[in-house]
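Chemist: Given next are the chains, with one letter for each unit.
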Amino acid sequence: MRNIWTIAKREYKIYFNSPLAYIVMLIILGVIGIIFAYNLINLTSNPFGSPEPPDISIVTGPMAFMFVFSVPALTMRLLADEQRMGTMELLLTAPVRDWELVTGKWLGSFLFVLTIIAVTLIFPLILHNLTTPGIDQQLMLSSYLGIILVAAAFLAIGVSISAMFSNQFAAFFLSMGVLVILWFLIGIPAQLFFSGGDFFRYIDMNSRFYDSLNRGVINLSDIVYFLSVTALGLFIGALAIDIRRWR
Amino acid sequence: MIRVSELTKDYGMRRAIDSLTFQAEQGEILGFLGPNGAGKTTTMRILTGYMPPTEGEATVAGYDVVSESLEVRRRVGYLPETVPLYNDMTVFDYLKFMADLRHLPDAEERVDETLEWVGLEDRAEGYIGNLSKGMRQRVGLAQALLHRPEVLILDEPTIGLDPGQVVEVRNVIREIGKERTVLLSTHILSEAQQLCDRVLIINKGRIVAEDTPANLQASLVGVERNLLRVRGEAEDLEEKLRAMKGVSKVQRKEDGLFEFHYAPGQDIRPEVAKMVVNAGYDLLELRPIGMSLEEIFLQLTREEETVPEM
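From first to last, the protein sequence lines stand for chains A and B. Mapping of the first sequence onto the working numbering: position 2 corresponds to residue 2, and the numbering continues sequentially without gaps. Mapping of the second sequence onto the working numbering: position 246 corresponds to residue 246, and the numbering continues sequentially without gaps.
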């Protein structure tokens with residue numbers, strides 16, 4: 001546990017020295033800010049009486065979408081760059097287990113994304129003050145739990161792919177490809193096949209977020225699903241490092 | 001402290017090391033000598049737990065490098081050949097990070113102590129990316145020494161350093177080697193000669209010779225070589241030397257400079273000195289030159305090439 005924390009702390013600090021991380025943070029916060037402002041203007045300038053006030057899913061929904069493209073940028077470096085710089089040799093000859101290394105890297109990126117998510121809490125706060133009787137707290141809790149679970153799973157996938165490459169751009173594009181498939185494309189066969197679509201329905205990440213958590217429905221099965229994907233990603237990452245050793 | 005038996009490593013079809021067997025004891029500095037690509041780095045990477053061997057066994061400080069890799073890594077300090085470091089960290093932060101990974105108590109004090117040891121205390125707050133090659137090498141060495149390991153494995157520790165730094169690093173290694181086991185690789189033969197208690201010459205993945213530097217010289221050369229310098233041209237001295245009992249070979253290298261050989265054990269240098277003075281010459285220099293490790297090394301690796309492959 002101590003090693004995981006040591007590695008995570010270092011990674012977390014590195015994000016704040018990295019222009020790329022700031023750009024990712026700015027884009028996410030900027031886009032959400034614009035969407036949020038647009039909704040607020042609609043709400044206050046609507047001439048036809050009082051419209052339905054926007055709920056907090058207008059923040060978490062686009063955020064999940066943007067994670068598909070920004071998480072690979074945050075994770076591509078994590079292990080691929082250690083491999084390229086040769087510092088992997090230091091880490092793999094230090095008394096650190098492979099899974100501790102992978103988990104530490106993941107935790108560092110997770111803490112950074114949590115920081116971004118924490119900044120977005122300003123939006124529900126504004127919304128809460130503008131609407132009466134305030135925002136739906138159950139929905140708020142569920143949406144944010146959802147976005148945190150999505151981030152955890154995405155980052156684990158990104159870390160595992162970063163462990164397979166020494167070229168961070170290869171890691172970036174493959175991670176993005178996998179996330180695009182899991183987020184957008186898996187849903188297509190799930191809808192096409194009425195029988196036999198169960199498997200696709202089961203692994204369809206998108207609907208587990210948009211159709212349930214982001215609508216205020218907290219299902220244990222969804223939580224277990226996202227945590228399983230996270231664990232599987234970390235396991236594959238550790239495996240990739242072990243395979244590198246044996247080559 | 002280091003026991004290696006029948007160690008073999010294949011990279012795909014290529015055999016990097018082939019049935020290496022050797023040992024190193026506590027308080028010993030073992031030199032690993034060989035041309036580039038001989039298998040030095042591969043062997044070190046196996047001993048530090050970076051990669052497993054294809055066949056054979058190795059134990060370091062009593063622990064198996066494969067099944068008890070973590071125990072081995074706790075007890076080994078390793079300086080990789082390329083000295084990989086995080087350029088975006090300060091020297092202190094980097095060493096603190098490595099100390100934390102090793103769970104060292106009082107990590108910060110330990111880092112300060114180690115920095116002082118390698119002479120980097122005034123660069124602690126500087127970024128690693130701004131350091132010279134020599135400084136980087138010392139940071140790498142500090143990292144390897146942080147936990148005061150029982151076994152120190154150094155891959156080309158003095159490569160790329162200026163002569164002053166080489167002397168400093170060698171002194172540090174010598175100091176450590178008094179109590180701990182040091183395995184260092186080099187292709188600078190004089191370094192092996194100066195530093196190591198024992199030298200292991202490795203070529204194409206095999207050990208071709210193993211002994212103390214002095215014994216290697218004696219056993220391979222078979223004769224004592226000496227250099228004689230007198231004032232003047234001294235053309236007739238070549239004949240006179242050749243006529244002496246015990247002298248096996250005489251070669252006039254330039255005016256007044258001769259190389260002569262005699263069998264080990266029968267030191268005829270006093271007679272030579274007398275002869276030169278009696279012949280009316282001024283004796284300027286008379287010294288043994290021995291065969292350099294370079295020559296031994298070349299001879300061994302050349303022999304290896306003439307042996308037909310099995």
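Bear in mind the hints are in silico, worked out from the structure with no lab data behind them. Incorrect hints may appear among the rest.
[What the hints assert, rightly or not] Covered stretches of chain B (chain A as the covering partner; in silico rule of three or more C-beta atoms under 8 Å from a C-beta of chain A): (1) 70-79; (2) 111-121.
[Claimed, not checked] Residues on chain B that point at chain A, a partial pick, calculated with CB under 7 Å: (3) Thr48; (4) Gly49; (5) Thr54; (6) Gly56; (7) Phe92; (8) Tyr127; (9) Leu257.
Ideal Cβ placement from N, Cα and C applies to all residues, glycine included.
Chemist: Are the hints correct? Go through all of them and say.
Modeler: Structure-based check of all given hints:
1. As drawn, the region 70-79 of chain B meets chain A at 5 residues by the rule of a beta-carbon pair under 8 Å; at three or more, the given contact holds.
2. Counting residues of the region 111-121 of chain B whose beta carbon lies closer than 8 Å to any beta carbon of chain A gives 0, which falls below the threshold of three, so the coverage claim is violated.
3. Given hint, Thr48(B) at the interface with chain A, holds; its Cβ is 4 Å from that chain's nearest Cβ, closer than 7 Å.
4. At about 6 Å, the closest approach between the beta carbon of Gly49(B) and any beta carbon in chain A falls short of 7 Å, and the interface hint on this residue holds.
5. With a least beta-carbon distance of about 9 Å to chain A, the hint placing Thr54(B) at the interface is violated under the 7 Å criterion.
6. Taking 7 Å as the C-beta cut-off, the interface hint given for Gly56(B) is violated, the closest approach to chain A being about 15 Å.
7. This hint is violated: Phe92(B) has a C-beta 13 Å from the nearest C-beta of chain A, more than the 7 Å allowed.
8. A distance limit of 7 Å between C-beta atoms decides the matter here; for Tyr127(B) the minimum to chain A is near 11 Å, and the interface restraint is violated.
9. Against a cut-off of 7 Å between C-beta atoms, the interface hint on Leu257(B) is violated, since the closest Cβ of chain A lies about 49 Å away.
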